[in-house]
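**Student:** The chain contents come next:
There are 2 protein chains.
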Amino acid sequence: MKHGGNIWEVIEKYKFKVEDILDFSSNINPFFDISKIKKIILSSLNEICFYPDPEYKKTRKKIAEKLGLSYKNIILGNGSSELIYLLPKALNLRKTLILIPTFSEYERAIKLNGGKIMFLRLREEEGFKINPNKIPKLLPHVDSFFLCNPNNPTGNFVEKEDVFWISKKMGDEKFLIIDEAFIDFTDKEGIAEKVKEIKNIFVLRTLTKIFPIPGIRIGYMCGNERGIEKISAFQYPWNVNCFAKNLIENLICVDVKEIREKIRKEKEYLYESLKSLKGIKVFKGEANFLLVKFEKGIILKDIIEKLKAKGILVRDCSNIRGFRGNFIRISVRRRGENKRLVKELKWLLNQ
Amino acid sequence: MKHGGNIWEVIEKYKFKVEDILDFSSNINPFFDISKIKKIILSSLNEICFYPDPEYKKTRKKIAEKLGLSYKNIILGNGSSELIYLLPKALNLRKTLILIPTFSEYERAIKLNGGKIMFLRLREEEGFKINPNKIPKLLPHVDSFFLCNPNNPTGNFVEKEDVFWISKKMGDEKFLIIDEAFIDFTDKEGIAEKVKEIKNIFVLRTLTKIFPIPGIRIGYMCGNERGIEKISAFQYPWNVNCFAKNLIENLICVDVKEIREKIRKEKEYLYESLKSLKGIKVFKGEANFLLVKFEKGIILKDIIEKLKAKGILVRDCSNIRGFRGNFIRISVRRRGENKRLVKELKWLLNQ
Chain A
1 MKHGGNIWEV IEKYKFKVED ILDFSSNINP FFDISKIKKI ILSSLNEICF YPDPEYKKTR
61 KKIAEKLGLS YKNIILGNGS SELIYLLPKA LNLRKTLILI PTFSEYERAI KLNGGKIMFL
121 RLREEEGFKI NPNKIPKLLP HVDSFFLCNP NNPTGNFVEK EDVFWISKKM GDEKFLIIDE
181 AFIDFTDKEG IAEKVKEIKN IFVLRTLTKI FPIPGIRIGY MCGNERGIEK ISAFQYPWNV
241 NCFAKNLIEN LICVDVKEIR EKIRKEKEYL YESLKSLKGI KVFKGEANFL LVKFEKGIIL
301 KDIIEKLKAK GILVRDCSNI RGFRGNFIRI SVRRRGENKR LVKELKWLLN Q
Chain B
352 MKHGGNIWEV IEKYKFKVED ILDFSSNINP FFDISKIKKI ILSSLNEICF YPDPEYKKTR
412 KKIAEKLGLS YKNIILGNGS SELIYLLPKA LNLRKTLILI PTFSEYERAI KLNGGKIMFL
472 RLREEEGFKI NPNKIPKLLP HVDSFFLCNP NNPTGNFVEK EDVFWISKKM GDEKFLIIDE
532 AFIDFTDKEG IAEKVKEIKN IFVLRTLTKI FPIPGIRIGY MCGNERGIEK ISAFQYPWNV
592 NCFAKNLIEN LICVDVKEIR EKIRKEKEYL YESLKSLKGI KVFKGEANFL LVKFEKGIIL
652 KDIIEKLKAK GILVRDCSNI RGFRGNFIRI SVRRRGENKR LVKELKWLLN Q
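Chains as they are written, first to last, in the numbering used here: chain A, 1 to 351; chain B, 352 to 702.
It should be emphasised that the hints constitute simulated quantities derived from the structure, not laboratory data. It cannot be assumed that every hint is accurate.
[Claimed, not checked] Facing chain A, according to a computed beta carbon distance under 10 Å, are these residues of chain B, among others:
1) 409
2) 459
3) 588
4) 589
5) 593
6) 594
Cβ atoms here follow ideal geometry from the backbone N, Cα and C, with glycine treated the same way.
Okay, chain A solo, but in the shape it has when bound (with noise of 0.2 Å):
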């Protein structure tokens, strides 16, 4: 399955440093000042040649705390696909629901462990629109439902109160598992803090996405102490390596309201200006990336590869189950930075 963000693909091809791309096509935060992880990195040095705590009881209290939930409710991934990949099997998924277009490892986790799918397609009339009221009747038939809130790569976001209807309607005996990846980039609550009282809802967090630092893996999943207890069985050990951990430590209270306030503008800016060429539409969701469709005619796998060419990189959403049409997903990026691209596309677009 090709994701985005394979920036090594192109610079290999296209002979670029690391330095010269622009990536467009994964969902990382351009403002966060990175010395500060540098830091974190560097004073971690002396952990290397020690084998981590298997248990990270120690940084899993720090994100308990920040939850006002218990460490036992809490359980580390090597980055959320870790956890993506440990659910299906240690749940013992057998149907699950997901609504499509979303991430494509839920589909992959869920086959790979001999589960069956059942797939809701959101409408591109409707804006991709997630609409709870669809959700009860297709219940019966599966014992979970994977939602990724908001929806990557449509941005869409199914409000709490919906949520817990649904998990309401679900009952103790089924699964509900909320992938919140890209919440910090909404100003919406996110569910986290509700898994001691509602006992059928896992929620799986990622640091690497606010942060900008997926090649360090860190993910975590909050449920009820004893669903964290069985999955955790199932686990590997030793799977969050040292920087990862320090780095959950010291980053998890940090206040990110600035940096949200500044992606908002510049997505609203990337909006507006990704609205006004012609051939395509916008779809602007929750998230700190918008969703870009062509018109017919237009031959996105040329566009793709001629920004390809230039250093710049966007998420090719043809391979992403659901669609119909030529999809991209582009995140925000610095003002600068989105300037480029808006004015690169303009250039291919009327050509």
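Chain A is already provided as a structure; the job is to place chain B on it using the hints.
**Tutor:** Frame of chain A, contents of chain B only:
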């Protein structure tokens, strides 16, 4: 499952600093110049903001070059423990032969996947020697054989010719999985180079023993192309962090002959010194650790706890299946450190 190397427990309990700890419980090389490793990490800092290449092609090529293989013969793991857990699922292992005592993760990984285990107990009276002739008659009852070579924690080694002989007896439909985590510490040749020709062998390797970097998580496995492709299909994406990736690329070709010689000398010293203590018996093996048995009547738990209170950790083997009696495992460290351990043990045994 308790392992060696959990210094964090001791640090918390006795209020030590990391640098106060003398860790004989994890088998990490104390002679490698850690500044080399820190330099590689510093030069990788610009990569933290990017997802790694999900295929890790460059890294796999570096390993392959060193071993005379193709990159398609190599798969990377977030530590070799990730791969130990991936194998039973990807190869659908239903019943596996394991020689005990050995590394406990094989058993856990197989059982988590619903597989069964046939144990063959190595006998203390025979110095825990592995007798290849005992294997063929067990093979009809299993579909796979996990062999740690040299074996952890006994240090015994099965010669290359015997491994090939067993592999032949197994036939093409069964899998021989060799964990060579400690091969770099021996003067023996590994068999990773042979996986092209011998289709039923998979060889696990780690970089976190000979290079002292267990905090960073690096392992890999060699096997035939089709097998590796099949196993990769079960892996979650971006499992190896950017530091691990770059450390492999830079360290895989480092010559460790001199270090091996230093460890051999220190091991000899530690062996002779421990042997002279009353009430204990020492097993030497081929790796960078010694297995030590305490006479009946000695309360091992007390000794271990008293060492901990002084910041000294040894590996308590009481939770390892297959031992009868009081065993600990001690890894070889630098002369001064080894001396200190012997002195403390002598004092405790004479009390």
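**Student:** Now tell me if each hint is right for this structure.
**Tutor:** Here's how the hints hold up against the structure:
1. Given the 10 Å rule on beta carbons, the hint for residue 409/B holds: about 8 Å separates it from the nearest Cβ of chain A.
2. A least Cβ separation of about 9 Å between residue 459/B and chain A falls short of the 10 Å threshold, and the interface hint therefore holds.
3. The closest approach between the C-beta of residue 588/B and any C-beta of chain A is roughly 5 Å, which is under the 10 Å cut-off, so the hint is satisfied.
4. Interface restraint check: residue 589/B against chain A, minimum CB-CB distance 6 Å, threshold 10 Å, status holds.
5. A distance limit of 10 Å between C-beta atoms decides the matter here; for residue 593/B the minimum to chain A is near 3 Å, and the interface restraint holds.
6. The beta carbon of residue 594/B comes within 7 Å of a beta carbon in chain A, closer than 10 Å, and the hint placing it at the interface holds.
Of the numbered hints given earlier, the model fails none.
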